[in-house]
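So you can see what is in the structure, the chains are spelled out below.
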Amino acid sequence: MLDEKIKEAVRTLENPDLAAFRAEGGRALGFFCSYVPEELLNVDGLTSFRMRSLGCNSTELADSCMGLFNCSYTRHCLERGMEGDYAFLDGFVFVPGCDHMRRLYDNWAHFVKPEFLALVDLPHLRDEDALKWYRDEIEVLWNKLADQFSLPQGQEAVWEGIRKTNRTRRLLAELDRQRWQKAPRLSGREIQEISLYAASVPKERAIPVLEKLARDLEDHDPPEAHRARVLLLGAHLDDPGFIDVLEETGALVVRDAYCCGLRDQLDSVDESDEKGDPFLAIADRYLNRLSCPRMYGDYPRRLEQILGMAEEARVDGIVLEQLKFCETWGIDGNVLLNDLKDRGLPVLKLEREYLLSARGQIQTRVQAFLESMGK
Amino acid sequence: MGQLSFQQQLREIPLKARNYSILAALVARIGPLEFARLYKQYPWIPLAARIHELMDHAMNYRESMGAVIQLLLRYVSNVLETHVKNPENLIWYEELLTPEIPAAMGLTPFMPESLGLVLPLIESEAAVAAVDRTENAGYPADMCSFIKTSLGQILADELPKPRVVLTTNSPCDSAMAGYVPIEQRLGVPVFRMDQPYETNERSLEYYTKGLWKMIDFLEQETGRKMDFDRLKEVCEERNKASEYILEFRELMQHRPAPLGGLLLTMSIFGSLLLPGTEATTKCSKALRDEAKRRVERNIGALEDERVRVILWNPPFLIDGGLFQWMEETHGAIVVMDMLAYRSYGMIDTSSPESMVRDLAYDMMKGPMARHTRGPAKNYYEDLIRLFGEYEADMVLMASHQGCKNALAVSGIIRDLFRKQDIPLLDIQYDLVDPRATSPEEIRNQVSNFMETVMAD
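So the sequences go chain by chain: A and F.
Anchor point for the first sequence: position 228 equals 228 in my numbering, and the numbering is continuous, going up by one each time.
Anchor point for the second sequence: position 150 equals 1150 in my numbering, and the numbering is continuous, going up by one each time.
Worth flagging that the hints you see were computed from the coordinates, not collected in a lab.
By construction, the Cβ of each residue, glycine as well, lies at the ideal position given by its N, Cα and C atoms.
Careful: at least some of the hints might be erroneous.
[Stated by the list, open to error] Partial selection, computed: residues in chain F whose CB lies under 10 angstroms from chain A: (1) 1138; (2) 1196; (3) 1410; (4) 1414.
Based on the provided sequences and hints, a complete structural model is requested.
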């Protein structure tokens, strides 16, 4: 069993660690996409919070603003934003990750009107000019943050944020690697909870908990027996209930590349040149990690990376989850599905809404998938 | 729909003759057998050959409509001729790129999305087979059907294959992601332009660099050299056409508006498909001249103009007759729409640098690049400004269900419009698929609104 602290941070929005941090004068900033440079939000005096909306059962207000054909993650967040449920956060940072996210930003500005709101213009390409562009955008964000929250001037503060975030990511990577073994100690659900925890509490509080977890891993109860090992790919997923359905049906998630899982956590910013440009180092990390399909012209590299991940973790098959109305995953995902199948990998594509629904239907499809693999 | 008088029918003869002579000339140039082969291979050609039917939606301004149709026929004819005689010169460009640069290199640019834009205007269900094909191949039903149309045509090899493809990240994720399967299916090099979120000096510099890289790419992949003297000629010709269109747009502010809504929408085809050509300049001048003549004589497109409409979002392509029906039934005329509100920026031809930079700027300010890829404020501030400038009475929001960008601004729009007391009719439909909301249903909604809200 995982520490109750971790479980609580996943169950709730404002967790005790975050509340304590703010009570001590710290400021918490919500961020909406894995391309937001989290390092800047974790300099001394700030902490980052990955935006979630679990527990929001209706999107009536948000639907009237964004329409029903937009992604339900953005609608759920807007609903809670309009209801004032994120009052425990001191500001919000966006990137124009996709059509839905850009318009969430517009609606946030118009209806939620927070005291601090920033958008970092993430490019769609990964070439030299795009890298320089994103580097400059990150510096602009830093100047806004420093101004708004009276942060110390100079790059040392940024390097500190980098070190803290890197340390968290390395610990998560260590936990991830044990899953690839023949007998993993952590289930996919547990890894997701750990990842969400690390994205929801101040890093200085998360690091000791993760260190202890890594240290005590041998004593951790292994997941229940499973029928197949799967790689879980896809869009924003912060509901452990979804992975529960997969794992209860016998598909153990031994590696993942979905948003809010470890896809976004496994690459560190290069710290080797601490006299160098921290903004460039951050930009480089974000543009070179395993990309989201919102990045442009990067499909061949993404396919090869996913194939490599599947091979490393010796998976039996791949589950591709996507949020309904997400064009980037919907279109790119269909190409990916066909290519993975062509390479001999069994793939199950599941379209879902932000809130888990049709549990039985998902279970039936997973069962059929396992059977099709002879498991 | 009214009937043509005998005099009108007589005037029609040279118009039709001119249009069909373009097709006849194509047959002569590529040979009847080759034309027959294309006619059989590409099911959109027989449909495109019916383009003259659009004249039926322009009862009062047939000269101008004839000029636009002539332009479209020239475009299709050029593409097909290049496809047959010099296929290595045919390149594709996505709808938010303007094709002056490849044209100046002696290449023939073809916009695959152009068929989805024009064919449903002729035949409501023209795109349905391609849409179904895309969905049946596993692509999302909710992605933009405009892209589903071109993707479906590509999946069935119904479009002439290009040497290379040029594309952008605008106007939306559907269009951007759609080029992943398109690239895979075609197996040709693809160049991607990356438009930042905001349009400012810094983003213009970034986008301009992209355009220079596009020139390098074209030179490398096609073996053609960039000819800046030729680009200068193209841009100067384009500037002439832009001046005419800007004047035409200004004339549409006159009360009564001189020409009808469909023509306004179709006025973009020159700048989209054949910019920098004499044909486009001629067509643009014809529009301006007819509008000017009418304004000078105070003749409106309608005898009794009762409601002036701003149409926002891409127009209802599945009902080419909607504009005329609104005009005849409700005295309601579209005086400006989103697509017609292109930037038509003048290109400074003093140097290669100034030309490339101004072309980049024009692309960034393209109607959907600016409105849907960019901040929502571009979308609603332009709309509200045009409402005032054109002394409009209402806004008709064509809420295409595949345009998530636009749908997601609906709450802000309602909020702002309520505060400013702007009447708004918001109709949800699909741009090219009449099965979502039929033309009849669209017309019913328009009638209900006119008879209730606008009757006050």
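Which of the numbered hints above does this structure break?
-> Result: no hint breaks.
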